[in-house]
Amino acid sequence: MSAADDGRMDPATVGDLYARYGAELQRFLIGLLRDFQLAADALQATFVKLAEQGHQSREESRKGWLFRVAYHEAMLLRRRQVVDETARRRTAWGREAVGDSADVGLVRAETVERVRQAISELPADQQQVVRMRIYEEKTFAIIAAELGIPLGTALGRMRTAMGKLRAKLDEQR
Amino acid sequence: MNDTRREDLDWLAFRYLAAELSPAESREFERRLEQDQQAREAIGRLVEVTCAVRGLAWDADAQVAPRPRDAWYRRRAVYWGAGLALSLALTLLLALPRRVDPTRRPSGSWAGALPPAELALVWSHARMELTEQPEDEASGWQWLAAGERDADASVAAPSASDETAFETPEWMVSAVLAMESEGGDQPAPTGNVEGI
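Chain order of the listed sequences is L and U. As numbered in this note's numbering, residues 5 to 177 make up the first sequence, in order. As numbered in this note's numbering, residues 803 to 998 make up the second sequence, in order.
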């Protein structure tokens, strides 16, 4: 346990933890809040809490502790009704939620390259559904209509594709 | 966590991020997020993946670049084809003299054994086989018909033909359709949702 004399966590330790988990927590918070600025606020509040109370947490479970605190900070913003219903109906990857994710450092260039490679290995029909759902932000019903396939097939292709992308990224980690 | 449970979790997380869960399902998943670290990490991971997908240069390159090994794979097929054509031509060269003139005395000369017209035909056929393949290869991985491309993809990734691997249950299809028509910005189409 790293605690400074005044009962707060050592700033260097806070800095290390931010370097290790900051980006991951930020993505988690964007997933919850669908708003880049609010996610940044919740992330800041999380690390303030870490500095103030983190020394009470066990080192081996600190990652889980940080995520739990981040979750509660996000829910607090929700309860204050800072997050309206419209925001909750957004996709987590849309421009309104994350802005230009490349510019804000949410996704590293090497991750984009890995994803590009993994997508290029998908069959064309799965690539198409991924593109239409995530890049073009079309609903599955629209996708099914445009491709002339049943909705269940569009969902199946997306699920299969996401599973493969995740597996590919996992094996490269 | 086994693979199936992890896939289920990832799919649930994806639907949450895509705003395709009903309000009740969303609340239930958010309650789970309070305790379940794997679910929290799934959210973070999928935000990264989806943002990366969105960051790809789809406009500049409609279908992201093909696998490098495709070229190698197809080049090997071309070599096999060319070799087969050459073998066929040689077999014909060996077989035809006896068939054309079984009473002919051996002269020790191949040229004298085969009539020029038949030789020309065999060579023409072999050359056609050899020259057509590189032209196809020059057009890269797109030279295969769509159906063949899919078949090849399934060779590269054993589970590629598996849109049936995840049989989308009817309740999920209905739920997605309901969610999309209820809260989406885009109008849900009225047709072409057969199979629901």
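Calculated from the structure, these hints are not laboratory results. From the three backbone atoms N, C-alpha and C, an ideal C-beta is built for every residue, glycine too. Keep in mind that the hints are not guaranteed to be accurate.
Below, a sample of chain L positions facing chain U; criterion: calculated Cβ distance under 8 Å [stated by the list, open to error]:
id, residue
1, Val18
2, Gly26
3, Glu28
4, Arg31
5, Phe32
6, Gly68
7, Arg94
8, Thr95
9, Leu110
10, Val111
11, Ile138
12, Gly167
13, Arg170
Checked hints:
{"no.": "1", "hint": "Val18", "result": "20 Å, violated"}
{"no.": "2", "hint": "Gly26", "result": "11 Å, violated"}
{"no.": "3", "hint": "Glu28", "result": "5 Å, holds"}
{"no.": "4", "hint": "Arg31", "result": "4 Å, holds"}
{"no.": "5", "hint": "Phe32", "result": "4 Å, holds"}
{"no.": "6", "hint": "Gly68", "result": "5 Å, holds"}
{"no.": "7", "hint": "Arg94", "result": "6 Å, holds"}
{"no.": "8", "hint": "Thr95", "result": "5 Å, holds"}
{"no.": "9", "hint": "Leu110", "result": "6 Å, holds"}
{"no.": "10", "hint": "Val111", "result": "5 Å, holds"}
{"no.": "11", "hint": "Ile138", "result": "5 Å, holds"}
{"no.": "12", "hint": "Gly167", "result": "5 Å, holds"}
{"no.": "13", "hint": "Arg170", "result": "6 Å, holds"}
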